[in-house]
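Participant: Residue 4 is where the sequence shown starts when you use our numbering, and the numbers rise one by one after that.
No lab work stands behind these hints: they were computed from the structure.
Backbone N, C-alpha and C define an ideal beta-carbon position, used for all residues, glycine too.
Where hints are given, some of them may not hold.
To be verified - Estimated spans, in silico, between C-beta atoms of each pair:
(1) Gly-178 to Ala-127: 44 to 54 Å
(2) Lys-112 to Val-159: 16 to 26 Å
(3) Gly-81 to Gly-102: 56 to 66 Å
(4) Gly-42 to Ser-151: 42 to 52 Å
(5) Met-240 to Gly-162: 19 to 29 Å
(6) Arg-133 to Gly-81: 33 to 43 Å
(7) Gly-232 to Gly-81: 25 to 35 Å
(8) Gly-122 to Met-240: 36 to 46 Å
(9) Gly-48 to Arg-94: 37 to 47 Å
(10) Ile-234 to Gly-102: 44 to 54 Å
(11) Ala-119 to Gly-81: 36 to 46 Å
(12) Gln-135 to Ile-234: 22 to 32 Å
(13) Pro-110 to Pro-41: 43 to 53 Å
(14) Gly-162 to Gly-81: 56 to 66 Å
To be verified - BS3-like, lysine-lysine: derived pairs with alpha carbons at most 27 Å apart:
(15) Lys-139 to Lys-224
(16) Lys-220 to Lys-131
(17) Lys-131 to Lys-224
(18) Lys-112 to Lys-49
(19) Lys-49 to Lys-146
(20) Lys-224 to Lys-157
(21) Lys-112 to Lys-157
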Amino acid sequence: MNRLIPLLVLAAITTSASALEVTGRWIQGGFISGTVAPGSTVMLGKAPVLVAPDGRFAFGLAFDAALATELTVVGPDGQQQRHEYSIEQRRYPESRINGLPQAMVTPPKAVLDRIAADGQAVQAARAKARTQADFKDFIWPIKGTRISGEFGSKRVLNGVPRQPHFGVDIAAPQGTPIQAPAAGLVTLAAPDLYYTGQTVIIDHGLGITTTYLHLSKTQVKVGARVGQGQIIGEVGMTGRATGPHLCWRANWHEVRFDPSLLVDAEPAVTQPRR
Numbered sequence: 004m005n006r007l008i009p010l011l012v013l014a015a016i017t018t019s020a021s022a023l024e025v026t027g028r029w030i031q032g033g034f035i036s037g038t039v040a041p042g043s044t045v046m047l048g049k050a051p052v053l054v055a056p057d058g059r060f061a062f063g064l065a066f067d068a069a070l071a072t073e074l075t076v077v078g079p080d081g082q083q084q085r086h087e088y089s090i091e092q093r094r095y096p097e098s099r100i101n102g103l104p105q106a107m108v109t110p111p112k113a114v115l116d117r118i119a120a121d122g123q124a125v126q127a128a129r130a131k132a133r134t135q136a137d138f139k140d141f142i143w144p145i146k147g148t149r150i151s152g153e154f155g156s157k158r159v160l161n162g163v164p165r166q167p168h169f170g171v172d173i174a175a176p177q178g179t180p181i182q183a184p185a186a187g188l189v190t191l192a193a194p195d196l197y198y199t200g201q202t203v204i205i206d207h208g209l210g211i212t213t214t215y216l217h218l219s220k221t222q223v224k225v226g227a228r229v230g231q232g233q234i235i236g237e238v239g240m241t242g243r244a245t246g247p248h249l250c251w252r253a254n255w256h257e258v259r260f261d262p263s264l265l266v267d268a269e270p271a272v273t274q275p276r277r
């Protein structure tokens, strides 16, 4: 009989196929990391998960992820095991923002090519497939964090419904230093994207990237390696913004997940249902 194990339980499953340890919150928008025996392969549903040479892996769960999934681990000896997990559903708030320039809500045809090019640049910056894991843990990019916009919130801009907000907005004065939450490689340092203004993307390895929007100043260049706590820029309000703040985003490849769960004050440790 399957039994749902509470989320705050360590998974330590050792078999001839794998030695699986998984940490994180199995919740929509969650972040999961873990280890397997070196040389193993991991699948989340039908999606391959990058595994570092030392057996570390990580992935994010989409904001609307299905409420059940499974990890499939094939050990270095070729033996396979599947582990099923329940995913907690989230209720997202509605966020209404007024006072935006109308061109930032419904852009004119003249800028559509620019917006498409911006999207391609961002996609390319997230397309790396490095099995190196630069991160150990994550910290908030701004000290003394005050959240002003939640991940997954339903956006209504100037009265017009738009796609959900896929970042966490951190309120801070103009010019506040922004620090890298973990070590990584800078893959984008754009001076002026249409919606997001000055934008930085850091690749932390294993398909995990974090993005920093609306900066007033960028202090890193593409190809630079940054350490945890290193200053990468300053808070601003470039692009589509009504005031100074940092919009912080997190991706596993193209899957958007909640960056606040990278630095959960009380990280959950989990075990599969079976």
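Participant: Broken hints, numbered, in rising order?
Facilitator: 1, 6, 7, 8, 9, 10, 18, 19 and 20
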